[in-house]
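Undergrad: We have chain A already, so just place chain B on it with the hints.
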Amino acid sequence: MWKKIYAWLDERLGLNDIYKATLDRPEPRGNWWNTLGSASLFLFVLQGITGIFLSVYYTPSPDHAYDSIQYIMTGVSFGWLIRGIHHWGASLMVLVVFIHMLRVFVTASYKYPRELTWLIGVGLLLVTVFMGFTGYLLPWNQKAYWATTVGTQIAGSVPFIGDFILKTLRGGPALSALTLQRFFAAHIWILPAMLAGLIGVHLFLIIKHGESQFPNKED
Amino acid sequence: MKDEQKEIIKKRYDISLQKGERFWPDSIFKDALMALAILLILVLLATFIGVPVEPKADPSDTSYVPRPEWYFLFLFKFLALYGQIPLVGKIEWLATVIIPGIFIGLLVCLPFIDRSPYRYYGKRKFALGFMAIFVTSMVCLTYISDIPTTLGEGFYLPGILQTIGGLVIPVLGYSLLALMNFVFKKAPAKSMIWATVGTVVLMAGLTGATLALAPAVAVEETSVASTLTDQIIAGQDLYSVNCVECHGDDGKVTTIEGVEGLEGKLVMPINGHDVLYTLDDASLAEVIVYGRPDAGMNPFGKAYNSEGLTKSEIDYIVTFMRFTWDDRFELPPMAPLFPALVAGEVPSYEVHIAPIVKRYCVSCHRAGKDNGNYLMTSYEEILNTGDNVPLITAADENSILLKVIQEQNILDEAGEEIIGVMPPKKVLGANIVDVFMRWIMNSMPQTAEDAAAQSTTPTALPTP
Numbered sequence: 008m009w010k011k012i013y014a015w016l017d018e019r020l021g022l023n024d025i026y027k028a029t030l031d032r033p034e035p036r037g038n039w040w041n042t043l044g045s046a047s048l049f050l051f052v053l054q055g056i057t058g059i060f061l062s063v064y065y066t067p068s069p070d071h072a073y074d075s076i077q078y079i080m081t082g083v084s085f086g087w088l089i090r091g092i093h094h095w096g097a098s099l100m101v102l103v104v105f106i107h108m109l110r111v112f113v114t115a116s117y118k119y120p121r122e123l124t125w126l127i128g129v130g131l132l133l134v135t136v137f138m139g140f141t142g143y144l145l146p147w148n149q150k151a152y153w154a155t156t157v158g159t160q161i162a163g164s165v166p167f168i169g170d171f172i173l174k175t176l177r178g179g180p181a182l183s184a185l186t187l188q189r190f191f192a193a194h195i196w197i198l199p200a201m202l203a204g205l206i207g208v209h210l211f212l213i214i215k216h217g218e219s220q221f222p223n224k225e226d
Numbered sequence: 099m100k101d102e103q104k105e106i107i108k109k110r111y112d113i114s115l116q117k118g119e120r121f122w123p124d125s126i127f128k129d130a131l132m133a134l135a136i137l138l139i140l141v142l143l144a145t146f147i148g149v150p151v152e153p154k155a156d157p158s159d160t161s162y163v164p165r166p167e168w169y170f171l172f173l174f175k176f177l178a179l180y181g182q183i184p185l186v187g188k189i190e191w192l193a194t195v196i197i198p199g200i201f202i203g204l205l206v207c208l209p210f211i212d213r214s215p216y217r218y219y220g221k222r223k224f225a226l227g228f229m230a231i232f233v234t235s236m237v238c239l240t241y242i243s244d245i246p247t248t249l250g251e252g253f254y255l256p257g258i259l260q261t262i263g264g265l266v267i268p269v270l271g272y273s274l275l276a277l278m279n280f281v282f283k284k285a286p287a288k289s290m291i292w293a294t295v296g297t298v299v300l301m302a303g304l305t306g307a308t309l310a311l312a313p314a315v316a317v318e319e320t321s322v323a324s325t326l327t328d329q330i331i332a333g334q335d336l337y338s339v340n341c342v343e344c345h346g347d348d349g350k351v352t353t354i355e356g357v358e359g360l361e362g363k364l365v366m367p368i369n370g371h372d373v374l375y376t377l378d379d380a381s382l383a384e385v386i387v388y389g390r391p392d393a394g395m396n397p398f399g400k401a402y403n404s405e406g407l408t409k410s411e412i413d414y415i416v417t418f419m420r421f422t423w424d425d426r427f428e429l430p431p432m433a434p435l436f437p438a439l440v441a442g443e444v445p446s447y448e449v450h451i452a453p454i455v456k457r458y459c460v461s462c463h464r465a466g467k468d469n470g471n472y473l474m475t476s477y478e479e480i481l482n483t484g485d486n487v488p489l490i491t492a493a494d495e496n497s498i499l500l501k502v503i504q505e506q507n508i509l510d511e512a513g514e515e516i517i518g519v520m521p522p523k524k525v526l527g528a529n530i531v532d533v534f535m536r537w538i539m540n541s542m543p544q545t546a547e548d549a550a551a552q553s554t555t556p557t558a559l560p561t562p
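These protein sequence lines map, in sequence, to chains A and B. The numbers in the numbering used here rise by one with no breaks, and the one at position 167 of the first sequence is 174. The numbers in the numbering used here rise by one with no breaks, and the one at position 14 of the second sequence is 112.
Quick caveat, the hints were computed from the structure, so don't treat them as lab data. Hints are supplied without guarantee of correctness; some may be wrong.
Capping the alpha-carbon separation at 20 Å, the derived lysine to aspartate or glutamate pairs in EDC-like fashion look like this [stated by the list, open to error]:
1) B:K100 / A:E225
2) B:K109 / A:D17
3) B:K109 / A:E225
4) B:K524 / B:E355
Computed from a predicted model, the values in this text were never measured in an experiment.
Just chain A, with the same shape it has in the complex:
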């Protein structure tokens, strides 16, 4: 029975081809350093899931953001766990993505034919850092408010267009409800969409070229 269903689906979806292309691949001998990429992907998925749960209770307005997070921490069952994982997961994700970048740098895996994979990877690192930056404001506490004030000031110090960047980020000359709304939109829609798209291309390129081998003296 199952065999029949599988055969029917395979005929239409090409499950066997997908299996061969993505999973049943030969690879150079790897070690634990090679798990950092998939660890980053896992953290992205985990941040996505916990983030969706948090968005059920979170309110992106200066009047309610702080209290809604207080409520998540004390009122919602296991809210503290979800928020705790999201909070620490963010730090760990930046760390893991950075170490992944270092590993690729040290083994020179960015060289032919994987130049594009590296380029996309740098994009992923930067977007991950921006995720951290935008997510930092959302609790609307003292630390968040003043760190974002300084952070947007730094972005505003660009010659000529600095003022424009500052106002675009803040939604006006000062930090306000608009800033929170913008950072929220960036944090849950714009940046995750960018991350997901870039991850897709990154994975496609990895499957296309295969994981690089650790170099030996002749490489």
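TA: Just chain B, lined up with the frame of chain A:
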């Protein structure tokens, strides 16, 4: 890159594939274990460390020292050190835009800058050395990010060390590596390794020296009430210090008495329907922030009063008022102000006296009030200040403090009153007087441990 070179690379990769493993199940197995380990670490961090609690954002509190998330600290410190450089340090956008821009640009363009086909570590000393110095300086800057760059005017050794270790040495290291790579190509191969190791060790050493020399910066602890009962207690304490003088401890005062400058002013009782039913939480908070200048009430918001209250603190006061006086709200079960004493137990400053004093005395007995110079905000002040010292004598039941809280005023020889009964408008409960009596009769122990040592019945120490 020439086609022959590409062919060689492909051939070598095929050989490594033949000696390799399968993605499924070999690599996936390791990946899954790693994911599991990460999940476990996160659950443990969330359970045992949790998320640090911070007070609510307060745009008026400009004294707040901003600190970014930890992975931006190195950039933060770099900007601070860069600002110390004469002349160039004043051009802010060089450090905020150009220098980070160069490093990000290098990272993006790396495959097109590093065009050699070699991948083995020994053939990439320049790239690896450069990255080693960069990562070390990131780590070092992160470690010293809390230490001030300057301390007033003049010579400050840790500041100099920071600038040398955080800016000068890495720049020298990069230059040295670049020189050896591009100019003195015939320099011995090992010299590059030594240059890198030397730079890294120097940076680490100077960071260590800075950390050892610089005085530890005291981290200001901000107490944040997260549960409703904590918020109500925090609100009541703040109310007791800031509001009681005029509004009384039950909020029903209609004519202010005994307050300099406001004597005889009429106020609306703040514990009744007129206030609580007509003003919502936000409006109540606004009254506290802006005050009522026409009625003589000072603004209490930080923006209008440098010694004022933060947004969170004002919210706590509003919460306290709601749950205590508004009959639409039910006060949750609250812990008593101090744990009740059993026979033979000796109270301590930390557990018993401090909360009582905060609730009933500090409102007047703090700096800047008419209080006979008797301050009660700390253990030392309670024992040692006041115009009529000693107010407290160990094991003396005729101590002035004990007399005035038992409704006996103190007269001088001419029969004039020097100190009135305390608190002036309220009689303390017998259990509170008992706490003070036992505390003074047992030589005013400060900590719970000291008090327990003197108790005749052994009592369990309160868990901190």
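Undergrad: All the hints need checking, so say for each whether the structure fits it.
TA: Status of each hint after checking the structure:
{"no.": "1", "hint": "B:K100 / A:E225", "verdict": "holds (18 Å)"}
{"no.": "2", "hint": "B:K109 / A:D17", "verdict": "violated (34 Å)"}
{"no.": "3", "hint": "B:K109 / A:E225", "verdict": "holds (12 Å)"}
{"no.": "4", "hint": "B:K524 / B:E355", "verdict": "holds (13 Å)"}
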